[in-house]
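Below are the chains, spelled out letter by letter.
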Amino acid sequence: MVSAELWEAAAAVTDPEMPMLTLADLGVLRSVSDDGGRIVATITPTYAGCPALDAMADDLRSTLGAYGEVEVKVTLTPPWTTDLISDEGRRKLAEAGVAPPDHIGPRSTGPVPLTLAAPPKRVACPRCGSADTEELSRFGPTACTALRRCRACAEPFEHMKDI
Amino acid sequence: MSATDSDNVYDALAEADHEGRWAYGAGFDETVVEVTAPAPEGVDREDLAAYCLMLADDALVASQRLSEWATHAPELEEEVALANIALDLLGQARVLLSRAGHLGAAERFRMPGLAAGLSDEDVLAYFRDDRSFRNVTLAEMDLGDFGRTMAWILVYSSWRLALMTTLRGSADPVLAAVAAKAVPELAYQREYAAGWVVRLGDGTTESHERMQAGLDDVWPFVTELFLAHPVESRLVEAGVAVDPASLRASVDADVAQVLPVATLTEPTRPAVGLVGGRGGRDGVHTESLGRVLAVMQSLARAHPDATW
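Line by line, the protein sequences are chains A and B.
Here our numbering is used: position 7 in the first sequence is 7, and no number is missing along the way.
Here our numbering is used: position 247 in the second sequence is 1247, and no number is missing along the way.
These aren't lab readings, by the way, just hints derived from the structure by calculation.
Don't take each hint at face value.
Calculated lysine to aspartate or glutamate pairs in the EDC-like style (CA-CA distance at most 20 Å, straight line) [said to hold, decoys possible]:
{"id": "1", "chain 1": "A", "residue 1": "Lys-161", "chain 2": "A", "residue 2": "Asp-132"}
{"id": "2", "chain 1": "A", "residue 1": "Lys-161", "chain 2": "B", "residue 2": "Glu-1191"}
{"id": "3", "chain 1": "A", "residue 1": "Lys-73", "chain 2": "A", "residue 2": "Asp-102"}
{"id": "4", "chain 1": "A", "residue 1": "Lys-161", "chain 2": "A", "residue 2": "Glu-71"}
{"id": "5", "chain 1": "A", "residue 1": "Lys-92", "chain 2": "A", "residue 2": "Glu-158"}
{"id": "6", "chain 1": "A", "residue 1": "Lys-73", "chain 2": "A", "residue 2": "Asp-35"}
{"id": "7", "chain 1": "A", "residue 1": "Lys-73", "chain 2": "A", "residue 2": "Glu-88"}
{"id": "8", "chain 1": "A", "residue 1": "Lys-92", "chain 2": "A", "residue 2": "Asp-35"}
{"id": "9", "chain 1": "A", "residue 1": "Lys-161", "chain 2": "B", "residue 2": "Glu-1077"}
{"id": "10", "chain 1": "A", "residue 1": "Lys-121", "chain 2": "A", "residue 2": "Asp-102"}
{"id": "11", "chain 1": "A", "residue 1": "Lys-161", "chain 2": "A", "residue 2": "Glu-134"}
{"id": "12", "chain 1": "A", "residue 1": "Lys-121", "chain 2": "B", "residue 2": "Asp-1142"}
{"id": "13", "chain 1": "A", "residue 1": "Lys-161", "chain 2": "B", "residue 2": "Glu-1078"}
{"id": "14", "chain 1": "A", "residue 1": "Lys-161", "chain 2": "A", "residue 2": "Asp-58"}
{"id": "15", "chain 1": "A", "residue 1": "Lys-121", "chain 2": "B", "residue 2": "Glu-1191"}
{"id": "16", "chain 1": "A", "residue 1": "Lys-121", "chain 2": "A", "residue 2": "Glu-134"}
{"id": "17", "chain 1": "A", "residue 1": "Lys-121", "chain 2": "A", "residue 2": "Asp-162"}
{"id": "18", "chain 1": "A", "residue 1": "Lys-161", "chain 2": "B", "residue 2": "Glu-1079"}
Could you build the full structure based on these sequences and the hints that come with them?
And the structure:
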C-alpha cells in the first residue's frame, strides 16, 4: 500500500467530539506506516485524560482496516499543543461557532508564573466577530474548550483553550 | 430490531470486534509507546516503579476525591470544571500506573481469579489495599466544602506543577513525557483555584470565613509534600526524580501571591504527624483513604469478572 494513500485515509478520520475537525486538522495524527500488511497508526492525546482517544483509535482501526491489520499506538512526545491545529482546522472551528485558539509559540522550560490578574483575553465572537466577549467558565463540555459569551450579539460560544 | 437485539441494552455499546470489556477499567488498550521503554541505565527498576506509583497515586486518589463533586457542585460550570480537573489527573495517573506495571509493580496484586487480560493499570487501581497506596496524605483528605476544595486544588496544583516543571528533565523518558504534558494542564488548574480563593476570601463575611477555614484544614497536610522518601532520594541521585524539598520555595511563592489578595492569613495549624517517621509515601495513611478506596474499588472487587 502506498503510504500517501494510507495517510490520506487516516487523516480524513474526524474527531469524535468535534466532528468538524479531522485528526489531521487537530494535529493528533503523528504517522501512518505499512509494515508488510500490518498498518501502524500513531496518535497523540490532546489532554492526558482525553476520553476521546479511545474513540479515535476505534475509528482509525475501522477506517484503515480496509488495507490490512491495524495497530494504533499512542505517543506522548512531543506533547500536543493547540499550535498544532492547522489553519484549515482553525477556519473550520470558527465556521462551526467555536472560537479557535491563539498561537502560543514555543513553551518556556522554566517555571510557569501564576497570574492572578491576567489581562482579559481577547477572543472574537465566532458568530458576529465582535471582540467584546467574556468568559463564562474556564472549563467547557470537552477537555479542550472553555465557555464564553458575546456581549454584542449575546450568544454564548465555545472557545478552544490555548494550551 | 429483533427481540434478542433488545434483550441487553448494553449490546449496542460494545464494539463489534470486542467480546466485551471489563466493566470498570480505563477502557483503551492502545500502547502508550513511551511506557515500554527500559529503565534508564543504572537506575534501579524497583525504585523507579515505586516512584511512578507515588506520582500515580497522588493523581489517582486526588482525581477520585474531585469526582465526588459530580452532581454536588454549587453551579453546573464548577461541576464541569472539577470533573475536567479530575480527568486531567486521571490521565496522568493512567500512564504512570502503566509505567509502574511495565516495571513489574502490578504482579503481586494480580490475585487468582482476575481476568488474564486485565491491564496493569487496572490491577494497580482496583486491587491494592490502602497500605499499598503511596500517595501523600493531602491527596486523600476529605473535601466536602467548596472553599476547602479550592484551597486544596491551589496547594495541590502549585506543588504538582512545581514538581512536574522540574521532572520534564528526568532521565526516565516516561516521567519526562508525562511531566511535559502535565505542566500546562496544572498551570490552568492552579489559576482556576486561585481565582476562586480570591473571590471567596475577598467576598462576603461568610465566604471569607469558610475560605479561611478551608485553607486551615488543608494546611496540616502541606509539610509532608516536601519530605523526601528514601526512594525519592536515591532517584534524585540518578537524575530521575525531583527532590521534594526543592519545591517548597515555589509553592510558598504561589500561596504568598494569592493570600494577601484574598485577604486570607497563612494558617498556623501544626502538621499532621508521621507515624514512627512514616507517612503516605510508606503506605501509612489517614482514615480517609480507606473510604476513598471503598467507593472506588468495592464494585470491581465484588464482581471482578463483570463485562459489558
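Now for the hints, and whether the structure bears them out:
no., hint, result
1, A:Lys-161 - A:Asp-132, "holds, 17 Å"
2, A:Lys-161 - B:Glu-1191, "holds, 14 Å"
3, A:Lys-73 - A:Asp-102, "violated, 29 Å"
4, A:Lys-161 - A:Glu-71, "violated, 31 Å"
5, A:Lys-92 - A:Glu-158, "holds, 13 Å"
6, A:Lys-73 - A:Asp-35, "holds, 14 Å"
7, A:Lys-73 - A:Glu-88, "violated, 25 Å"
8, A:Lys-92 - A:Asp-35, "violated, 33 Å"
9, A:Lys-161 - B:Glu-1077, "holds, 16 Å"
10, A:Lys-121 - A:Asp-102, "holds, 10 Å"
11, A:Lys-161 - A:Glu-134, "holds, 14 Å"
12, A:Lys-121 - B:Asp-1142, "violated, 35 Å"
13, A:Lys-161 - B:Glu-1078, "holds, 17 Å"
14, A:Lys-161 - A:Asp-58, "violated, 26 Å"
15, A:Lys-121 - B:Glu-1191, "holds, 14 Å"
16, A:Lys-121 - A:Glu-134, "holds, 8 Å"
17, A:Lys-121 - A:Asp-162, "holds, 11 Å"
18, A:Lys-161 - B:Glu-1079, "holds, 18 Å"
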